[in-house]
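Chemist: For the record, the sequence lines run as chains X and H. Numbering-wise, the first sequence is residues 1 to 109 according to our numbering. Numbering-wise, the second sequence is residues 1 to 905 according to our numbering.
Have a look at the derived ranges for each label pair, beta carbon to beta carbon: (1) K37/X - P112/H: 20 to 30 Å; (2) R18/X - P112/H: 38 to 48 Å; (3) K37/X - L482/H: 38 to 48 Å; (4) D17/X - V48/H: 30 to 40 Å; (5) R828/H - L96/X: 55 to 65 Å; (6) L888/H - K37/X: 34 to 44 Å; (7) K37/X - G46/H: 21 to 31 Å; (8) G453/H - K37/X: 37 to 47 Å.
What the simulated footprint calls covered on chain X by chain H, stretch by stretch (three residues with Cβ under 8 Å from a Cβ of chain H suffice, anywhere in the stretch; the number is not a length): (9) 22-34; (10) 37-44.
Hints listed in this document are in silico derivations from the structure and should not be mistaken for laboratory results. No residue lacks a Cβ here, since even glycine has one placed at the ideal position from N, Cα and C.
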Amino acid sequence: MTELTALEAIVLAALADRPRYGYELVERIAELTNGRKRVRPGNLYRVLERLEARGLAEETRSALEEGEDERRRYFRATAAGVRAAESELAMYSGVLRRAGGLRERPADG
Amino acid sequence: MKSLPDRRLIWRVLRRWLPAGFRERRAEAVLETHVALAGGPERARGAVFWIGVARDVLATGIQLRLDGTGGRVGDGTAWREAKRGSRSGAMSGWEALRQSVFMAARSLQRTPLFAAAVVLILALGISSNVTMFRVLDRLLLSPPEQIRSPDEVKRIYLYGRSPFSSEVTHDASLSYPDYRGLTGVASFDGVAGYGTRSLTLWVDGAGETVSAEFATASYFDVLGVRAAAGRFYSAEEDAIASPVPTAVLGWSFWQRRFSGDRGVIGRELEIGKTTYTVVGVAPRGFTGVGISPIDVWLPMHVASAAESGSTAWVDAHGWFMMAAVARVSGPEPRAVEEATVVTRGVREAGRRADPDLRVVLSPLIRALGPNPSRESQVARMLAVLTVLVLLIACANVGNLYLARVLARRRELAVQTALGVSRSQLFAQLLAEVAIVALAAGAFAWWLGTAAAGALFGVLLPDAALPTANGPRVLVLTIVLALITALLTGVLPALRATRVSVMDAMRRGTATRRTLLVRRVLLAFQAALSVLLMVGAGLFIRSLVRAESIDFGLDASALTLDIEIEGGITFGEGLADEVLRLLPIVRQNALVEDAAATSVPPFSGWWGVGVSSPDGEQIESGASGPFLFGVTGDYFAALGLPILQGRPLTDDDTRPGAPPVAVVNERLAGLLWPGRDAIGRCLMNEREQASPVCTTVVGVARDYRPSITGDESPAIYYVSPTHPALGSTSANTIIVRAREGVAPIAIRDFVRSAAPHLRMVKVAPLSDRFADGLRAWRMGAALLTATGILALIIAAAGLYSMLAFEVLQRRRELGIRAALGASSSRLVRSTIAASSTAVLAGVLLGLAASLASGSAIESLLFRVSANDPAVYAGVCAVLLGVGVLAGALPARNVTRTDPAISLREE
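Excised from the complex, chain X in its bound form:
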């Protein structure tokens, strides 16, 4: 079972639908987290390298569409990466669900 940090899971989630490069990823992560997470570029590439080393993400050039810059480094999540991210994020939502929400409810329910 692959353990992921929250940031790693979010990065993988951001790579799940299509390959993205650095700037797009920062923006996509901000979008997915409702603007809560602005990842620093250096940290992003550090996380990407870690994911790459574990076979969860990979660099790709095959996804080039028209108008995209050849020099850009695109990353995408591997199948294992998508699975790991899904299970990690599902765990979080499971926690929230099973805890029945984390805030105290009014006394009379």
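With chain X fixed as given, assemble chain H onto it according to the hints.
Modeler: This is chain H only, laid out in the frame that chain X set:
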């Protein structure tokens, strides 16, 4: 914000922080993403952008290394890996350094409070030195800006009998014939005359005071300066008969007053008594041979003729109107010889022969010449003292580091046990110190830049801020930061590397030798603080003494000066205007008393010899007799008591009134020693042809002529209509305002009552000697500031020392408390050693102050350098601060709970 260096340079430096592999693979992508996030290459600039990138790169670099060490730092893993690397030859010197810096950064990151305290203390120490350097640089080290080979330009002094007193002095004042003689000296490459004064500039009916320098056309040539716009005036344009008066503007004045508009060239400006055409602008930073900003340069001959209304000065040997500089590229002794011969000849021709007169050539920097200002002497002394502040800061930080090393013995021992070599440990600790010192340097740079303006305002209010010493100051800041790092870091780092594993693991009390070093440092700080505070105390007392001098008259009386059509501020028909204005001023409800005078007190003297048919004859000399023209109410307005007889009244001013005079005690005593002066006859030397008897009607009290001068000169007062006064009979109105009336209210009233006056100035009489107080005011302000700074730093040192000791001995104290020791006993035993150290330091400081007192004695005013009150005060302050700094740690001792302190182990 200044433009930052080339982005590629910044980036090349930053990216090196990233570990090699990652750097090669990803660094460019990281930068590109930053650029894209900033909104494209055009926007990816400026400090904010680069600070963001730097933060990211620094944090990422640390995180990547943490990834490499499995997330545990401080346990020696990184070092072990690094060591392994170096054995296999893979770790370069650069890698080792980076490793040291990284470990040091981590270690500081874990104790941010400590790091912040050290940075702050060092920054204060460094910035006070950097700021002081800027002032000294201006005063003593750098010649005025924009001058070509300034070493060749010499100020000309005459060493001989002063024209103003009988003393033998260095004097820079020259008459025009003196100057004309010097222009003939063949060994000079060029000679230029100059003189500075305030004139009124008239633009669109509004006047403002500008600082004008009258300079011969050769001035710019001799100084080798080039015009920033237009040109300088030529020798023809500086001829007395020049049809078109020309002017050159100073750069900052041009910027300030004309917004740097080149269209100002060719424009006519009414300055003083005539109209000049602007022909050029001097370069930026050029302030002539002095350090005060000059607003406008006017051709010496043209402007002198216009302002004096005559050309009499051309041959007047007693009219000392200028100073001069010469450029000497050849052998100096020969030039001095020639100039001396020429000047002696000129003085002889002017019936002022002085066979011992010598010309002295001195450096362009005035503070290095024979007549340095008191300010520059005070600045020198302050420079020494700011170095003391830095030493205190270093001692303190060294102390903090030692404490830290003691506290970290365990961690250091673990590292040693894990195979980190002593040299690596030393490097790491030194790197820690260096990081802190450089951060302090950067902070100090900023602080110093911000404080320089303020310090110049206090020290040299008239000096222009230098524009060109940036690089020197930067270099100095970096050098100081590095020296500080060495001073503070080496000792603790050496101590740290001697930590033995067994010792540290046992965690006993601190080693005795380290504690001893710390106590010595503490004593050293206390001694230096005493030295600084004694200096501050002496200057404060000097200032208080100087400010509370009783001049014998009311220095809060106001002087009211006016300027009339034609730029006239003195003599030449001004009297009519002043005497017309006087009754209007007197009738105003804001005014209690008002009187007109030829010259207000403290503003100059007009010497006229006197005699009496039944008394002595007195020649005019340095201490009088001086003549003042005054109207009625003069003595009332100044609060100057009449001791005998009556004051002058307005009736004495009426045409046809018999000539009468009031003399002061000194003159009465000189003319008629031991006899009554009232009713006697006084004659002045100006009327020798047809002597008129002026009857003495009163004797006024003496007053003090200046801050430093004790003895009153001989003075006599006559009415403005007295024939001896001529055209300079009434120039200024003395006003005693009613309680609580501001000078500006009087000015506004005069302006509205006499709108035809071009300018009205109202100021307290005390302004006329404010300059004399400046050196003490400056010394008191700056010494107090540095003294307080030193005291705060030293108090913080004492506090940290005591707090640390309490912490170290918690276990012991806990046991003793459990065994029933009283808390007062515990407190005593805890702070006894440190208190002894402080006491020893204070005694040492007092001894040092007594020993060095003679060095500043000449800068003090009526205060002995061994003033007991000052010493007592300093001791009291230090005692109080010591008690405060010790109180908190002592309270912690009494709160020690045996159960808790024992459980902690």
